[in-house]
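Chemist: Heads up: the protein sequence lines correspond to chains A and B, in order.
Each number in this note's numbering corresponds to the 1-based position in the first sequence with 88 added.
Each number in this note's numbering corresponds to the 1-based position in the second sequence with 88 added.
Honestly, the hints are just simulated from the structure, not real lab data.
Quick caveat, the model's predicted, so the values are computed rather than measured.
A couple of the hints might just be wrong.
It does not matter which identical chain is used: a pair holds within one copy or between any two.
Lysine-lysine pairs mimicking BS3-like chemistry, simulated, CA-CA at most 27 Å apart [unchecked claim]: (1) Lys154 / Lys243; (2) Lys108 / Lys273; (3) Lys194 / Lys248; (4) Lys243 / Lys194; (5) Lys257 / Lys171; (6) Lys194 / Lys282; (7) Lys108 / Lys243; (8) Lys171 / Lys338; (9) Lys257 / Lys338; (10) Lys237 / Lys154; (11) Lys171 / Lys286; (12) Lys217 / Lys130; (13) Lys130 / Lys194; (14) Lys273 / Lys237; (15) Lys257 / Lys282; (16) Lys302 / Lys243; (17) Lys237 / Lys286; (18) Lys246 / Lys194.
Protein chains: 2
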Amino acid sequence: MNHYCYFNGELLPANQATIKFNDLGLLRGFALFDYMRTYNGKPFMPHWYMERLFQSAELLDLEVPKNETEILYYVEELRELSKMNDCAFRFLLTGGYSPDSMTVIKPNFMIITENLPIEIPERFEHGVKIIANEHLRELPEVKSTNYMKPILLAKEMKSKNAYDVLYHKNQEVSELSRSNFFIFKGDTLVTPHKNILKGITRRIVLQLANQHFKVEERTILLDELAQADEAFTTGTTKKITPIVQVDEQKIGGGEVGTRTRFLQELFTNLIANY
Amino acid sequence: MNHYCYFNGELLPANQATIKFNDLGLLRGFALFDYMRTYNGKPFMPHWYMERLFQSAELLDLEVPKNETEILYYVEELRELSKMNDCAFRFLLTGGYSPDSMTVIKPNFMIITENLPIEIPERFEHGVKIIANEHLRELPEVKSTNYMKPILLAKEMKSKNAYDVLYHKNQEVSELSRSNFFIFKGDTLVTPHKNILKGITRRIVLQLANQHFKVEERTILLDELAQADEAFTTGTTKKITPIVQVDEQKIGGGEVGTRTRFLQELFTNLIANY
Chain A
89 MNHYCYFNGE LLPANQATIK FNDLGLLRGF ALFDYMRTYN GKPFMPHWYM
139 ERLFQSAELL DLEVPKNETE ILYYVEELRE LSKMNDCAFR FLLTGGYSPD
189 SMTVIKPNFM IITENLPIEI PERFEHGVKI IANEHLRELP EVKSTNYMKP
239 ILLAKEMKSK NAYDVLYHKN QEVSELSRSN FFIFKGDTLV TPHKNILKGI
289 TRRIVLQLAN QHFKVEERTI LLDELAQADE AFTTGTTKKI TPIVQVDEQK
339 IGGGEVGTRT RFLQELFTNL IANY
Chain B
89 MNHYCYFNGE LLPANQATIK FNDLGLLRGF ALFDYMRTYN GKPFMPHWYM
139 ERLFQSAELL DLEVPKNETE ILYYVEELRE LSKMNDCAFR FLLTGGYSPD
189 SMTVIKPNFM IITENLPIEI PERFEHGVKI IANEHLRELP EVKSTNYMKP
239 ILLAKEMKSK NAYDVLYHKN QEVSELSRSN FFIFKGDTLV TPHKNILKGI
289 TRRIVLQLAN QHFKVEERTI LLDELAQADE AFTTGTTKKI TPIVQVDEQK
339 IGGGEVGTRT RFLQELFTNL IANY
């Protein structure tokens with residue numbers, strides 16, 4: 089496949105796309121992104137992803153140079169150029185080129201097509217193990233580009249055969265490094281409501297679950313994990329991935345629970361018919 | 089002037105230097121930098137700057153692709169190409185190009201010549217006002233590229249005519265957004281020793297001060313500012329800049345103190361003869 093990108097009004101092959109060194113995203117980590125995917129050749133829930141992109145931009149006081157309709161037009165152009173049926177789109181909005189390496193003048197905006205990661209069925213089937221780490225993202229409501237923490241933890245995760253990291257601070261659980269966190273206590277589904285990036289898959293799962301379970305959006309305490317019957321994480325590429333272990337704490341006896349499987353089925357049906 | 093840069097083994101005009109989109113510094117804020125300057129056409133304290141660059145790299149588990157001697161050779165080449173007597177050098181080490189936007193394979197390393205900022209004599213003469221903000225950098229000992237905070241505070245600082253921001257957390261003062269913090273209480277010079285990036289100018293000032301004052305490297309509490317007789321900040325371009333006000337708190341009655349002026353003189357002599 090040949091990936092393409094949009095950069096400040098131009099469409100070009102992704103491997104020819106470059107940015108100058110005085111961009112504030114590169115020099116100062118002042119940038120945000122979003123990541124949308126297709127199912128059945130169609131962008132999935134594009135309005136919700138765009139809503140979030142614009143919210144992140146507002147919180148960083150950056151202007152997105154195109155409106156939603158224009159962006160989704162370029163998304164479709166890029167997908168056609170890339171000749172891919174299903175793919176992902178990475179949106180990146182940086183503080184732009186700066187004359188003094190600190191002052192924002194005009195943001196740089198790019199959209200890049202990417203391959204969707206290869207899905208590993210075993211993860212959906214048997215669940216994953218994760219580690220916990222004391223951390224709180226600097227601006228949790230913004231999908232900023234700051235991923236220092238999980239990159240620094242990569243070696244530890246690999247050595248522990250951990251799929252990802254669960255953040256907590258002052259005993260309060262927030263989110264995984266790039267996805268949201270849920271537990272079942274009996275028939276009650278619980279997920280944190282603050283200090284998190286509100287995922288699109290999280291939003292869908294809450295809608296699906298509301299029709300079948302009691303749902304609580306509230307703080308989850310770290311030691312509450314011992315009482316959880318089931319746990320899972322949600323994300324654009326993770327969909328609903330069951331979590332069967334956090335550090336040494338097994339959840340649901342280390343087996344994927346029936347309620348999680350039920351939600352997985354609902355989600356699979358939803359995307360099959362999207 | 090024509091600025092030049094070194095990028096992964098090549099020397100080229102700075103305006104022709106670009107980086108691809110899949111660099112982890114851009115996509116994930118996974119990068120560190122350093123900033124060295126010349127006095128009298130000579131890099132100032134190059135060994136100390138290089139030592140810090142390598143320390144930051146070690147803490148992020150990134151390998152600097154050149155050794156100190158090689159880097160300082162390129163620094164001199166760049167200065168000659170730029171035809172500048174005095175200039176600054178920005179070193180940037182990123183997580184490099186990544187196949188999956190998370191995994192570090194091989195860092196990207198660049199050195200860019202820059203103009204030194206224009207000095208405003210009034211700041212050295214009459215001091216500056218700063219604001220305080222509750223914040224602690226994620227990895228204070230690393231000169232990482234994460235400057236989200238001061239960029240977000242830029243408007244507030246401008247409206248308050250503030251020069252910079254002083255970080256504190258749990259009542260403990262750490263540093264300014266890009267420089268170190270000192271107070272005088274009588275003849276005792278005090279500066280924080282933890283949760284800070286240890287500046288090169290800080291190191292020099294501690295050496296100079298040791299011969300004339302009692303020096304304490306310890307935690308400074310926020311409410312201790314009310315008892316400070318003098319305050320100043322140190323940095324590569326800020327040198328010794330007196331601070332005469334923090335939010336509404338005047339320091340030394342809003343006037344630059346004699347001890348700060350004495351240190352400024354020592355520093356001016358040192359660089360004049362460097």
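Chemist: Quick one: which hint numbers does this structure break? Sort them smallest to largest.
Modeler: Violated hints: 2, 5, 6, 8, 11, 12, 13, 14 and 16; rest satisfied.
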